[in-house]
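Number of protein chains: 2
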Amino acid sequence: MKYFQEWQARAMTPEGPSAWFPACVPGNVQYDYARMMGWGDINFGDNVEAFRAAEDYAWEYRASLRFGEEEGKRYFLVLEGVDYRFDVFLDGEKIISHEGMFSRVEADVTGRRGGELVVRVHPHPKRADAPEGTRDQADQSVKPPVCYGWDWHPRMLVSGLWRDAWVESRDAGYIRRCEAFYTLSEDCSRADIRFETECDEPVEITLFDPDGNVAGRGARIALDHPRLWWCNGQGEPALYRYTARTASHETAGTVGLRRIRLVMNEGAWKEPSSFPKGRSSAPMQIELNGRRVFAKGSNWVNPDIFGGLVDEARYEALLTLARDAHMNLLRCWGGSGVNKPAFYDVCDKLGIMVWVEFPLACNNYRGTEHYLSVLEQEAAAIIRDLRSHASVALWCGGNELFNSWSGMTDQSLPLRLINKLCYELDRDRPFIMTSPISGMGHGGYVFYDGDSGLDVFQVFQRAHCTAYTEFGVPGMSDADILKEFIPENALFPIARDGVWRLHHAFGAWGEERWLCLDVLARYAPGELDSLEAVAGMSQWLQCEGYKAAFEEARRQAPYCAMALNWCYCEPWKTAVNNSLIAYPARPKRAYEAVKAALRPVMASARIPRFDWRAGDRFSAEIWLLNDSPCEAREPVSVSIELDGKEYFLLDWDSGVVPPGENRIGPTVNWILPDASASRFTLRLRASGEASSEYTLCYRDAKGAGSGRWMNM
Amino acid sequence: MKYFQEWQARAMTPEGPSAWFPACVPGNVQYDYARMMGWGDINFGDNVEAFRAAEDYAWEYRASLRFGEEEGKRYFLVLEGVDYRFDVFLDGEKIISHEGMFSRVEADVTGRRGGELVVRVHPHPKRADAPEGTRDQADQSVKPPVCYGWDWHPRMLVSGLWRDAWVESRDAGYIRRCEAFYTLSEDCSRADIRFETECDEPVEITLFDPDGNVAGRGARIALDHPRLWWCNGQGEPALYRYTARTASHETAGTVGLRRIRLVMNEGAWKEPSSFPKGRSSAPMQIELNGRRVFAKGSNWVNPDIFGGLVDEARYEALLTLARDAHMNLLRCWGGSGVNKPAFYDVCDKLGIMVWVEFPLACNNYRGTEHYLSVLEQEAAAIIRDLRSHASVALWCGGNELFNSWSGMTDQSLPLRLINKLCYELDRDRPFIMTSPISGMGHGGYVFYDGDSGLDVFQVFQRAHCTAYTEFGVPGMSDADILKEFIPENALFPIARDGVWRLHHAFGAWGEERWLCLDVLARYAPGELDSLEAVAGMSQWLQCEGYKAAFEEARRQAPYCAMALNWCYCEPWKTAVNNSLIAYPARPKRAYEAVKAALRPVMASARIPRFDWRAGDRFSAEIWLLNDSPCEAREPVSVSIELDGKEYFLLDWDSGVVPPGENRIGPTVNWILPDASASRFTLRLRASGEASSEYTLCYRDAKGAGSGRWMNM
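Same order as they appear, the protein sequences are chains A and B. Counting in the working numbering, the first sequence runs from 1022 upward without gaps. Counting in the working numbering, the second sequence runs from 1022 upward without gaps.
For reference, chain A alone in the conformation it holds in the complex (with noise of 0.2 Å):
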């Protein structure tokens, strides 16, 4: 039903309109613009420099409208997203003007068979009196903020016919709208749905049960003993699908039958204890179909530059990836906007809970009328695009609102505008208005951090959150990745400035980051001379450092209800970032490293710290970790691998551990002897798959520097 011609697309450019190019829908038209230009692999070395003399040019796309009319019917032109804000012309007419991206545009183009399409998109939004070159440009529009430039992701404005594009036809059997509802029993035992639909004709309504048999049939349907949708690692995620039929026009949707609330943390209401009395925390422990589930997995950002580009194969190769390393949630952080639906219908396929930011982060957007209209706008065609979506389980208005470097705050009324319309479109989802509130903790990004003094073992250790929802440890890209991307003669040594920079190894955020060559120095035996082992060190303290607080966190449970890293994926090659997934979707070390700290059933240790010298007593709290919804019972044989010999230190039995909790066993404490090792390994030996290792630094009892360090 697409009845276009080819799209092309233009720049206007100030000196004049660009030749018309062929041009990607759904897609970016920067990226078609590039291509005609010949601009080569955004990726490469500095190639994304080139995108900025575009950036302030209007564009337009161009199509004929090529449909074969009907008696009886009408015919809409409907676009799905455009990337900002638009003009649609109708053979020199303009039929829609409209600012935001995420809510759709309609028009009836009815006998206008052969009219030449043509969709003006203006330039970026920028607030006028906005430093040039900042994100903060971006805090008077309803657009992702991230393509302004962040820490991890390059200044690259985007924008165009991001979401599909079509004629339909529509006669009185086309069903405008047919959405699920339903309410659980408290026990979940009963479910009782009911079908809104919008047609001018009856709506014949059929629901099949997961495994594809008829569960039920009309507006109205009761479900005794319903199969319920289980996030990953609880249970199925059970899909029950309907279609819904007039005689000229049918379609169809799913429903996953379940219930999340946010309630409160284990013993979170006993804080504060003492006058003068603060409020308490805000829940962040989920309580999935009357359970509550440890929240494990990442913060999802825009997984490619050119989002318009990004299908269904690109989220489920993603989310497959995450369904596997045992994630059962992925924030996905409002600086990236909202995905794409078929990135929410592989979630609910997969079990894979969504936390949905809006599209605010770390800007004051003040509630300016012309603002707080778009955002309306934009807002409740979010809610209402999603609400069916079983995997959505919470609504938040934005990253880091309530912070310094935001400055919004509870009075802010962009949020309480959200609020209001989560609560009157959703209002049974959960909803918070912004990521950290009160309880809940963002940070370290780093292994270690100079301020404090402490590494990233420490740092968790200390804490005290209902919610770690962003926290990172840098690593590096592999090294064969970084050979496509960086020209060979910049490969090694590696220098301050140019691609490496460029691609965030240094000056991201504060001069050292992401690569931070002061910490892999300080745990370096020896000089880092090559790029694999640059790569090495940084890729070991990620993967310890991740290990050590997804660990952390787990044993901190059930005060503590979420682990969420940042980030997940990355939107282009980069040299070093604390993402888990190096672009487009090839696993980093630390992604297994992630893996492994999430096993439902997992022996773990708790290491005071990363680093230890000769002499120094070492000790570890030893744990079973449970968060499945079964029994689980390990017998658990601690040792330590030091210079290629291993030292038995104990054995424990867990004994059985329910559904859902941890047991501590003992501290098993050992003086480290003298060794010539820049490292040692704590093996946790188990049965199955609940086995586990800490690679930690070793020194002798001089101290560092001693030239023994070696490649990983």
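Note that these hints are calculated values from the structure, not bench results. Note that the coordinates shown come from a computational prediction; the quantities given were computed from them, not determined experimentally. The beta-carbon is built from N, C-alpha and C at its ideal position, and this holds for glycine as well. Warning: the hint list may mix true and false statements.
Restraint ranges, calculated between C-beta atoms of paired labels, are given here [said to hold, decoys possible]:
1) B/Asp1185 - A/Thr1227: 56 to 62 Å
2) A/Gly1237 - B/Asp1108: 52 to 58 Å
3) A/Arg1483 - B/Asn1690: 51 to 57 Å
4) B/Asn1690 - A/Arg1630: 43 to 49 Å
5) B/Ala1722 - A/Lys1723: 42 to 48 Å
6) B/Asp1185 - A/Arg1448: 51 to 57 Å
7) A/Glu1642 - B/Pro1679: 51 to 57 Å
8) A/Val1284 - B/Glu1613: 56 to 62 Å
9) A/Val1284 - B/Asp1550: 50 to 56 Å
10) A/Gly1132 - B/Ala1268: 51 to 57 Å
11) A/Arg1630 - B/Ala1722: 47 to 53 Å
12) A/Glu1070 - B/Trp1290: 31 to 37 Å
13) B/Trp1290 - A/Arg1543: 28 to 34 Å
Partner residues aside, some chain A positions facing chain B, computed with beta carbon under 10 Å [unchecked claim]:
14) Ser1425
15) Gly1428
16) Lys1441
17) Cys1443
18) Tyr1444
19) Arg1448
20) Gly1471
21) Asp1472
22) Val1480
To give a feel for the contact side, a few chain A residues facing chain B, derived at Cβ under 8 Å [said to hold, decoys possible]:
23) Met1058
24) Trp1060
25) His1143
26) Gly1288
27) Phe1296
28) Pro1297
29) Phe1423
30) Gly1460
31) Gly1474
32) Cys1486
33) Gln1577
34) Tyr1580
We have chain A already, so just place chain B on it with the hints.
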């Protein structure tokens, strides 16, 4: 326009209806019934207990409609507020059925002259499965929960026509609504006023300036350099007045032009400082017309058990005392509900800002469909009724809802609903979900806290809050008040049961509250062997405790921006209470102490603790506090009086202190000599009204119990 005969009422007892008795409208039917029954003053002895028998009665009011009908007019019955669930019958026909005491109801009664009106008031709402006699019973109704019993309020459920009732005539010229809205330019130099009217004929509007001169006419009036409404202590509470006229109807109102915002407390963006990082505190700094104002005041509770009987004169007496005590903000605590309109009129006039709470307090108001629908109706009525008042400074969802004893959270639908309604109906007035929220503090409520071992001086000097919005120190009522309601034979010795307990001396909140004999004994040098001795001791602690807390909160400015003690007034005669004003409007000694502690310009001493002994190094920081809009400068002379001797310690010249700023001066240090005293006085002598003094506990080198204590 009352058009009523005298109202009568009767009780629907289990044995059948009582006789009809005269009823006050506005009033509370329980008061009228008790008068008929001869139960005596509810304040006296244990009279309140007699009322319990009638707790679950239904009630009926009746009156005849008496109005002369004119051709072409319609006649409307108006009930401004009936507490709580009721039906209205006219000649036996049910014409209204309603739940909710804050929304007015109306009925067209044209042609029903002489009709017999009956208002049947249903028994008090009580959640079915809530324990009898507890305030939990109130958690599914929008009725002030305080009447279900509180630590300073007897259980005494009232209901009935608590607001006025009348019949009025309406024709085409009837002005159903005339409401002023305005915007102020950022620098407040220009006001654009817009009147919204609902009327079938054109309405002629005239605006008068605060001196009574015509300032403009018409539905839109622009004012250059308008006279702004300022709160007490900051300027004139200027009120413009308007009239709205048609040929047959006239109405009038006031407009106070001001802009109130909650902005971030100074320094609060710097917190938190380390990773993992939570949110910064919620802003609680009032900015009035662009000026940051330290909010000083108290917690207003219902000034009478029989709230229906409170009239403008009572409000005016109490509010004038608040004005005279330099208060600029009263928190109308949600447990007591919302006052009659006259309260806000007087506050407008006196420049007292009002923090209005919706009637939720210390309960978990679950978001059932029924509760949400009544709450929506009632909250919308409250907002519409009050939003035109200049004095109304902020909305708050209710009291202590995010604490364990309530159990509500950011997810609670009733609070999200209230946020939504405030946004829709009164977007530009600050809103907080509850008190305390992040950064704020409630409590303590005693002079000395046995759990922490700290007195109120210490507690507040260790605290670090953006706003202290409830803190209390109990003090006994004067002996002459006690003698009014405690039978002579029960006055002394003080018994732990009977009248003393009923009137909150014991068992109100823990066994020792509110008399706190344990605390009195701690500081009493001898036996408390008379009523006057106990009262004097209790009042001494209340005075010095309140001074310590209020002045410390002011010294913590600008980080701290609010100090409101618990509580201002009281609903009946209490033996002991944290209140400043005894029932009905008699200032306690603590009122004078607080009045002194709230002087705009004053010398103040930061004294580390209350309790000193010979040989201690006494120390105190000397400050000049200035929250006035003017510069201040004071010479301060510091001395101590001990045992009748005055010791000079220090002279300090504050220098010029800018408007709204404090200045810290020197710390005095002095070794306390041996003396035969039980107290000593620190004096800060300054010019005019700025002098201060503090009377502190003194013990000889061996400590307490020396029997040297004297009546105060």
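Hints breached by this structure
Those not satisfied are hints 2, 3, 5, 6, 8, 20, 23, 24, 25, 26, 31, 33, 34.
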